[in-house]
Amino acid sequence: MTLLENIWIVPVLPLVSWVLITFFNRRLGERAATLGTATVLGSFVLSVAAFVALVRHGAPVSSGGLWLSFGSVELSMGFTVDSLAAIMLLVVTVVSSAVHIYSMGYMHGDRRYQRFYGTLGLFTSAMLLLVLADNFLLLLIAWEIMGLCSYLLIGHWFEEAWPRMASMKAFMTTRVGDVAMMIGIWLLFSQTGTFNIVETTQAVAGGQISLAVTTVGALLLFGGAIGKSAQFPLHVWLPDAMAGPTPVSALIHAATMVAAGVYLVARSYGIFLGAPDALLTVATIGGFTALFAATIATVQTDMKKILAYSTISQLGYMMLGLGVGGFVAGTFHLVTHAFFKALLFLTAGSVSHAAGTLEVHKLGGLAKKMKVTFWTFMVGGLALAGIPPLAGFWSKDEILLETFVTGHPVLFWMAILTAFLTAYYMTRLACLVFFGPPRDKHVYEHAHESPRSMTGPLVALGVLAVVAGLPASPLMGKWLVKFLDFGQTLPGLMTGGGAGAGATGAEGAVAAVGHTLAATGAPGGGIVLPIALGAAFLGILIGYAVYGTRQIRRESLIRAFRPVYLLLKNKYYIDEIYLAVFVRPAVRLAELCGLFDNKVIDGAVNGVGSATVAVSAAAGEFDNTVVDGAVNGVASGTMATGQRLRRAHTGLVQSYMVAIYAGAGVSLAVLLWFLFAR
Amino acid sequence: MINPSYAVILGVLLFSVGLYGALRSTNAVRILMCIELMLNAVNLVFVAFSRLRPEAMIAGQVFAIFIMAVAAAEAAVGLAIILQIVRQRGVVYMDKINLLKG
Chain D
1289 MTLLENIWIV PVLPLVSWVL ITFFNRRLGE RAATLGTATV LGSFVLSVAA
1339 FVALVRHGAP VSSGGLWLSF GSVELSMGFT VDSLAAIMLL VVTVVSSAVH
1389 IYSMGYMHGD RRYQRFYGTL GLFTSAMLLL VLADNFLLLL IAWEIMGLCS
1439 YLLIGHWFEE AWPRMASMKA FMTTRVGDVA MMIGIWLLFS QTGTFNIVET
1489 TQAVAGGQIS LAVTTVGALL LFGGAIGKSA QFPLHVWLPD AMAGPTPVSA
1539 LIHAATMVAA GVYLVARSYG IFLGAPDALL TVATIGGFTA LFAATIATVQ
1589 TDMKKILAYS TISQLGYMML GLGVGGFVAG TFHLVTHAFF KALLFLTAGS
1639 VSHAAGTLEV HKLGGLAKKM KVTFWTFMVG GLALAGIPPL AGFWSKDEIL
1689 LETFVTGHPV LFWMAILTAF LTAYYMTRLA CLVFFGPPRD KHVYEHAHES
1739 PRSMTGPLVA LGVLAVVAGL PASPLMGKWL VKFLDFGQTL PGLMTGGGAG
1789 AGATGAEGAV AAVGHTLAAT GAPGGGIVLP IALGAAFLGI LIGYAVYGTR
1839 QIRRESLIRA FRPVYLLLKN KYYIDEIYLA VFVRPAVRLA ELCGLFDNKV
1889 IDGAVNGVGS ATVAVSAAAG EFDNTVVDGA VNGVASGTMA TGQRLRRAHT
1939 GLVQSYMVAI YAGAGVSLAV LLWFLFAR
Chain U
39 MINPSYAVIL GVLLFSVGLY GALRSTNAVR ILMCIELMLN AVNLVFVAFS
89 RLRPEAMIAG QVFAIFIMAV AAAEAAVGLA IILQIVRQRG VVYMDKINLL
139 KG
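Chains as they are written, first to last, in the working numbering: chain D, 1289 to 1966; chain U, 39 to 140.
No lab work stands behind these hints: they were computed from the structure.
Since the structure is predicted, the reported quantities are computational estimates derived from the model, not experimental observations.
There's no promise every hint is true.
[Claimed, not checked] Pairs of lysine to any residue, SDA-like flavour, derived with a Cα cap of 20 Å:
1. D:Lys1656 x D:Ala1642
2. U:Lys139 x D:Val1946
3. U:Lys139 x D:Thr1586
4. U:Lys139 x U:Val85
5. D:Lys1657 x D:Ala1642
6. U:Lys134 x U:Leu117
7. U:Lys134 x D:Tyr1835
8. D:Lys1593 x D:Tyr1835
9. U:Lys139 x D:Tyr1944
10. D:Lys1857 x D:Ala1642
11. U:Lys134 x D:Ala1642
12. U:Lys139 x D:Tyr1835
13. U:Lys139 x D:Ala1928
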């Protein structure tokens, strides 16, 4: 209880490490890693305790209080621990701990080792803050801090051009979505007068906001999610973000930060439920992105880029799950994906550590050299492909099931196709990297297994990738599904809707969600499992036929589908289109502005300057001649007069006396003349 | 009783003598003495007019007494100044004292 009320300590711990590392950078040296890891592990332990406490307590716990009040507006800030937040706490701290430990080996000897750990701490803190935030304002603050950390860490090796450019691209692309999100938050605030998520949800459920405003607000919020979770059309930054160190890719660009968009939709799910059109948009964009990114992933040749496109695809999957009303399905996939995708990225880091390259056509046959990396990669890959009983299977199946039973046939088949492609490209990746003959002798001979600090986290995440799905499986009575149940996550919506006299659209939607949850075992749903498994195994089979046994020749495939191959190879030319439509015009506009600045503004400024000089010259001339002349004239006139008058001053008392009596005499004469003469 | 107008005429004469002396003399002491002469001439005229015009009561005579008091003070101060000048500069002639010449 006391822990749940003082949950702020969880995000503060990594923040402390960041502050300490920032201030004692030099003195700490490589001990910064120990400090960072210790604080994150502390957060992890506290998160576990909080999770257990919440399960015992059985209801969300809020803490915090009034933060600002101006006029009639009162803003409160605080934390809420509910089932969603508690699970996210676990996910974030687990992955972050793994990455912290892993980086001790991976980043060893790096020039900015301390800065790396400091920023990791700040990031972890921000992500935990985001998870716990009970209002949009705090959420936005954490959201932006994460964006900053992402920027800093992508550009960790900023001496080279690629990371530098990639960090800028990531920051600016996500910023497009962030602006939309900010507008959305203010729009909702202007309607409800509160930033609090539960209160906003209640306002939506109570019908205090019109449907149009709710829809626009939800879509604007989703805009932020599109940017952060790299959904089409703002997905372009994530593949380039791989320029950062691999542990960063694992933590930020696979497991946690990019999932924040999904988390945002899940956190404000009540608002989306009040706007069915917005929810459908989420599902459509998610489904499309899933398929779109999966197709690109099939032809990429950089191991990390393949995983990056896979991440985009899986995030689309989560959006699809949320969009069709599968709250639990979407968030559950977020959890399992965090584990196995972080694992896959860390194995990629291990490969690059050992082989010095991630270009898949230079690798091959590494299975013998790197046993731990190989086996953990296989676990992660199979989990991603959706092979039972690994974690990915349960969550993916849940999403497919939701899509199917809610009646979205097009999205369902897109998702199935995505599942097939996912299995295919993971098989391709596994074959190219770990099986077959070594393609580059030098790389192969150089390769070796990574140190303990790196393989340890791999094994830990591997275990999680196996078991993380079990709590939601029928084997454990779908315990996690019940725990994450919508009603418990957003109790305000339920009570608010129940107390309200009129049944609103949102309440209907809640009922619908409850229905689909109940329908998980409903007739018709049974067909989903065989289809999904069939697609996955088919993908593995074809992938193995092409890259494993080479029964289908890769070259002939490329020749047969040359236009498609080129289209995919160039990622649908999206980057080129953006370059032509947004970047070049922006640069052109900037050049134009520069020209305008140089010619017109500078001309005006310089003109004003020289005009001022001319005017002051004239004024100076006037001052020298007229004003000084007048002053000097007065002075010399006074002097001349004085020269004349000084003679009157004899200094002799008697001469003065004469003047006095003369004056008196004249006065007397005048007086007498006035008195008598007239 | 003597006609007061004689007294006025005498006063005018005395005043003129005093004025002439004050303006023409160079010895500081003599100038002071001439000034005393002028003051007493004025006293005489005051008293004479006081007699000529009874309706003014004795204002003229009171004035005369005032002037005597002032004259005594003036003589004391003036002599003291002259004494200091002589001590400082060793000279008593006013045409030699022209420090304030413009």
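Evaluation of the provided hints:
1. D:Lys1656 x D:Ala1642: 13 Å, holds
2. U:Lys139 x D:Val1946: Status holds; Cα separation ~16 Å.
3. U:Lys139 x D:Thr1586: 116 Å, violated
4. U:Lys139 x U:Val85: 40 Å, violated
5. D:Lys1657 x D:Ala1642: 9 Å, holds
6. U:Lys134 x U:Leu117: Holds, at roughly 18 Å.
7. U:Lys134 x D:Tyr1835: Given that 20 Å is the threshold and the Cα spacing comes to 134 Å, the pair is violated.
8. D:Lys1593 x D:Tyr1835: 18 Å, holds
9. U:Lys139 x D:Tyr1944: 12 Å, holds
10. D:Lys1857 x D:Ala1642: Violated: Lys1857 (chain D) and Ala1642 (chain D) sit about 27 Å apart, past 20 Å.
11. U:Lys134 x D:Ala1642: The given pair, whose Cα atoms are some 119 Å apart, is violated under the 20 Å limit.
12. U:Lys139 x D:Tyr1835: 125 Å, violated
13. U:Lys139 x D:Ala1928: Between Lys139 (chain U) and Ala1928 (chain D) the Cα gap is close to 17 Å, so the pair holds against 20 Å.
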